[in-house]
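**Student:** Spelled out from the first residue to the last, the chains are:
4 protein chains.
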Amino acid sequence: MRKSVPLLGAFLLAGAVAALEAAEAAASRAKATPHPDVIDDLVAANRILSDQGVVDGFGHVSVRHDTDPTRFLLARSMAPGLVSANDILEFDLDGNAFEPRGRTLYVERFIHSEIYKAHPDIKAVVHSHSPSIIPFGVTDVPLRPIYHMSSFLGAGVPVFEIREAGGAATDMLIRDPVLGAAVARKLGGSAVVLMRGHGNVVVGQSIEQVVFRAIYTEINAKLQAEALRLGRGEVAFLNAEEAANATATNNLVLGRPWELWKQQAFRPR
Amino acid sequence: MRKSVPLLGAFLLAGAVAALEAAEAAASRAKATPHPDVIDDLVAANRILSDQGVVDGFGHVSVRHDTDPTRFLLARSMAPGLVSANDILEFDLDGNAFEPRGRTLYVERFIHSEIYKAHPDIKAVVHSHSPSIIPFGVTDVPLRPIYHMSSFLGAGVPVFEIREAGGAATDMLIRDPVLGAAVARKLGGSAVVLMRGHGNVVVGQSIEQVVFRAIYTEINAKLQAEALRLGRGEVAFLNAEEAANATATNNLVLGRPWELWKQQAFRPR
Amino acid sequence: MRKSVPLLGAFLLAGAVAALEAAEAAASRAKATPHPDVIDDLVAANRILSDQGVVDGFGHVSVRHDTDPTRFLLARSMAPGLVSANDILEFDLDGNAFEPRGRTLYVERFIHSEIYKAHPDIKAVVHSHSPSIIPFGVTDVPLRPIYHMSSFLGAGVPVFEIREAGGAATDMLIRDPVLGAAVARKLGGSAVVLMRGHGNVVVGQSIEQVVFRAIYTEINAKLQAEALRLGRGEVAFLNAEEAANATATNNLVLGRPWELWKQQAFRPR
Amino acid sequence: MRKSVPLLGAFLLAGAVAALEAAEAAASRAKATPHPDVIDDLVAANRILSDQGVVDGFGHVSVRHDTDPTRFLLARSMAPGLVSANDILEFDLDGNAFEPRGRTLYVERFIHSEIYKAHPDIKAVVHSHSPSIIPFGVTDVPLRPIYHMSSFLGAGVPVFEIREAGGAATDMLIRDPVLGAAVARKLGGSAVVLMRGHGNVVVGQSIEQVVFRAIYTEINAKLQAEALRLGRGEVAFLNAEEAANATATNNLVLGRPWELWKQQAFRPR
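Protein chains in written order, with our numbering: chain A, 5 to 273; chain B, 5 to 273; chain C, 5 to 273; chain D, 5 to 273.
Please keep in mind that the hints were generated in silico from the structure rather than gathered at the bench. Be careful, since some hints might not be right.
The list treats identical chains as interchangeable, and a pair is accepted whether it falls inside one copy or across any two copies.
[What the hints assert, rightly or not] Here are the simulated lysine-lysine pairs, DSBU-like style, with alpha carbons at most 35 Å apart: (1) K190 to K226; (2) K190 to K121; (3) K226 to K266.
Let the sequences and hints guide you as you build the complete structure.
**Tutor:** Below is the structure:
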């Protein structure tokens with residue numbers, strides 16, 4: 005178990021120094037150009053998650069590089085709803101940026117880097133403070149699949165308690181690889197891991213899938229809370245086979261809602 | 005009782021083959037051109053249900069053909085909010101499409117075909133995952149009419165449990181005529197049938213009526229849940245005569261909200 | 005106590021005949037032209053109430069005539085969100101329209117006519133199915149002022165049960181002067197009367213005031229239900245003096261939200 | 005303890021006279037021009053708080069003058085969502101306006117003046133009727149930080165009961181310096197103070213910070229109420245160190261959501 009630096013000033017400074025060193029280290033390596041479609045889809049994912057209320061000014065979405073699995077793509081530190089193609093940066097699996105050119109990085113990029121490092125099958129990651137999910141992270145009520153759209157929750161939804169890996173006096177953020185690795189371990193083989201007093205992480209095998217899952221996790225949380233009240237705790241959830249089968253089916257139609265969400269996210273207002 | 009194919013891969017493949025065969029069979033028959041107003045209204049229904057939050061990327065609405073009662077009209081597989089006139093296909097009552105020309109079909113078109121087959125008086129069908137209704141499908145609390153706008157619920161709202169007709173290991177979808185017929189039977193003479201862990205089906209005698217009912221079923225669910233909490237279970241619902249009389253009255257003014265919803269659904273943004 | 009006509013067909017027909025006779029009687033009288041600002045404000049009230057979610061495709065708002073207190077102004081039967089100046093009609097206090105020229109009238113115009121007849125001080129009336137208020141009409145929980153904006157609720161909020169005046173088999177609508185008079189009596193000196201299984205009526209001394217009250221009644225209902233749950237029934241409401249004093253103060257600033265709501269209701273989308 | 009004037013007419017009249025005298029006194033002093041960016045940010049704050057639902061037609065936001073700490077900037081009496089640069093007035097710490105030129109002032113400007121007077125470190129103040137927070141002011145459930153975004157609540161959230169300073173027959177408003185000073189005392193060293201049956205006040209060390217806090221206090225209230233229901237009262241809140249550390253971290257990234265909120269508030273519709 006890791007002890008966080010007790011003095012706030014100290015660990016903020018340490019973080020800043022580490023970021024600077026990382027930036028310099030990364031700058032010395034070559035950047036691999038991803039396929040333009042990957043960039044376009046990642047920009048769309050940022051806009052969609054913002055438009056659908058999964059992220060607000062905070063939260064981020066990344067995708068593993070399409071030609072180099074030791075890299076991933078993530079925006080510079082900014083609100084997802086404002087991200088454009090030229091805000092996308094490349095990172096290695098230690099969370100170092102290639103050619104940052106002075107741009108600020110998300111403090112919590114280690115959520116992404118450590119999950120890609122620990123789980124080779126995972127291709128996309130969303131971190132958010134998706135509102136309806138917050139209550140499930142601070143109570144002992146497990147998130148479970150209430151309908152087929154959120155059937156991917158059938159694999160279980162663990163809760164990450166930062167005090168176990170970071171002690172009782174963190175600032176709640178996953179600000180280094182050690183904490184990132186702890187999140188990746190807690191995630192295990194699930195599609196979603198909650199973070200107590202903070203938010204959640206959703207993973208998938210494509211940008212479309214991770215966006216689908218992030219949106220339906222939010223909806224499931226809202227509907228599950230409502231159903232538990234209505235039924236006074238008695239709710240019929242999907243069973244394990246229903247959940248697995250519905251997930252396989254949903255994976256065939258991810259493009260259907262994606263087209264709608266994209267049109268909504270980019271419509272002129 | 006029907007047993008679903010136990011292996012997921014097998015029944016997905018079977019579905020694909022069946023769809024292909026159906027498409028070929030249908031292509032050999034002539035297409036009957038519906039009145040353009042019917043197409044326009046069906047497109048409007050798609051857009052309205054999306055704009056009003058009854059459907060999201062999923063869900064669908066159909067109408068029985070205006071000149072040939074053995075056929076019905078339904079969009080190709082896509083988000084309802086994006087449907088235009090040239091996305092509308094004709095189907096027979098076995099769920100076969102006329103002139104699909106390679107377009108993907110909704111897997112669950114059998115909800116529509118089997119309801120039209122079993123209930124000659126029904127002219128329009130909506131299937132959705134309308135959010136506030138989901139909790140009523142997974143608890144034992146019956147949906148009842150809380151006010152005159154949703155008086156059509158007075159005919160009762162049964163709950164369809166797919167395990168009864170499909171076994172305990174389906175993917176939750178109504179992917180064949182056998183399951184579609186089971187939904188149609190459960191619906192009986194009601195306006196709405198809930199589907200556990202999935203969504204609901206609403207039927208009507210016109211496109212305007214089925215849209216009206218789908219929207220007010222969603223609103224009723226939300227208000228009923230709220231009232232049950234407020235009154236600690238004690239709620240005064242419409243009685244049978246009030247429900248029947250209010251329904252007859254509402255049927256005379258379906259055009260009033262329709263014009264508003266249509267204007268809202270098509271407004272430039 | 006009045007017994008409603010037991011057969012639905014009969015009372016619908018009776019209503020149609022009565023409307024026709026009324027229209028003919030009214031056509032023989034002269035129309036008094038109201039000040040254009042009154043019409044503009046009434047159109048704005050229709051659009052605002054729709055934009056703020058107090059009315060949907062149904063509901064209506066009227067104002068007493070500015071020069072002839074025996075008349076009032078109300079739109080023809082249509083969704084409030086679509087009302088324009090040339091949709092406004094004049095009515096006498098028996099609910100007869102002047103120069104209807106074949107336009108359909110709201111069945112429930114008698115809510116307005118009978119309230120204006122019984123309460124000379126009332127200058128404007130809103131009837132709606134404002135959603136958050138519905139649960140308070142079907143439970144025994146009284147609506148009370150949770151904050152100063154809804155202090156006008158301090159005068160009490162009675163609940164109208166149509167079965168008392170109309171019997172147990174109505175269609176829930178206030179479709180004649182007898183039922184309208186019963187609503188006016190139940191209202192008494194309050195600003196709001198709820199209608200079980202139907203909606204509510206809000207009254208005021210100006211269009212701006214009645215719109216203010218209709219909007220804050222909806223908000224109060226939502227917040228009161230939430231507070232009762234949070235406090236497990238223990239909630240500190242405004243006392244009688246606080247409610248009266250806050251109401252007098254609010255009456256001085258009705259123009260402030262009105263300007264905002266008007267701008268929002270008419271903004272291009 | 006102060007006793008309010010018992011007769012409503014009297015204290016309304018007294019308020020009007022006081023406002024007039026104040027305006028005349030202020031007119032004799034020179035106006036200090038603030039930096040244009042301060043005005044721009046204050047206008048943006050008004051629009052953002054309206055767009056995000058923290059304020060409606062009522063509520064206000066102020067900032068301490070950038071060159072003269074004995075003054076602050078606040079709009080004339082109007083809906084925040086409509087405020088432009090030429091609506092901003094300067095005030096002294098007794099709530100007197102400089103060069104009001106006949107413009108109406110917010111009755112409750114004394115919330116701002118007395119807080120700036122009592123707390124030299126506070127640079128910006130928001131007063132609102134932010135909806136989800138209302139229930140916490142009328143029950144005995146304390147508002148506590150459910151996640152890191154609202155960690156500033158960790159300093160405690162006192163509730164101001166106007167009856168203590170103003171007696172049991174006020175109009176609920178902070179309409180003079182005595183009541184304003186009582187609010188400032190109740191606030192103490194906290195970031196937020198609730199006002200029973202009225203709303204709340206949020207303070208900060210910059211416009212960006214106070215807007216951030218006002219928005220996340222609203223979100224925290226909504227999520228905390230939901231979590232308390234879900235967990236039947238058992239909720240894990242941030243501990244004191246987590247709250248303090250997260251607040252220090254958040255203060256470094258206030259610009260990130262600000263850019264998003266500003267873009268959303270000013271987007272053409």
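**Student:** Each hint should be assessed against the structure and marked as holding or not.
**Tutor:** Against the structure, the hints:
no., hint, result
1, K190 to K226, "both (23 Å within a copy, 28 Å between copies)"
2, K190 to K121, "within (14 Å within a copy, 50 Å between copies)"
3, K226 to K266, "both (23 Å within a copy, 28 Å between copies)"
The structure shown violates none of the earlier numbered hints.
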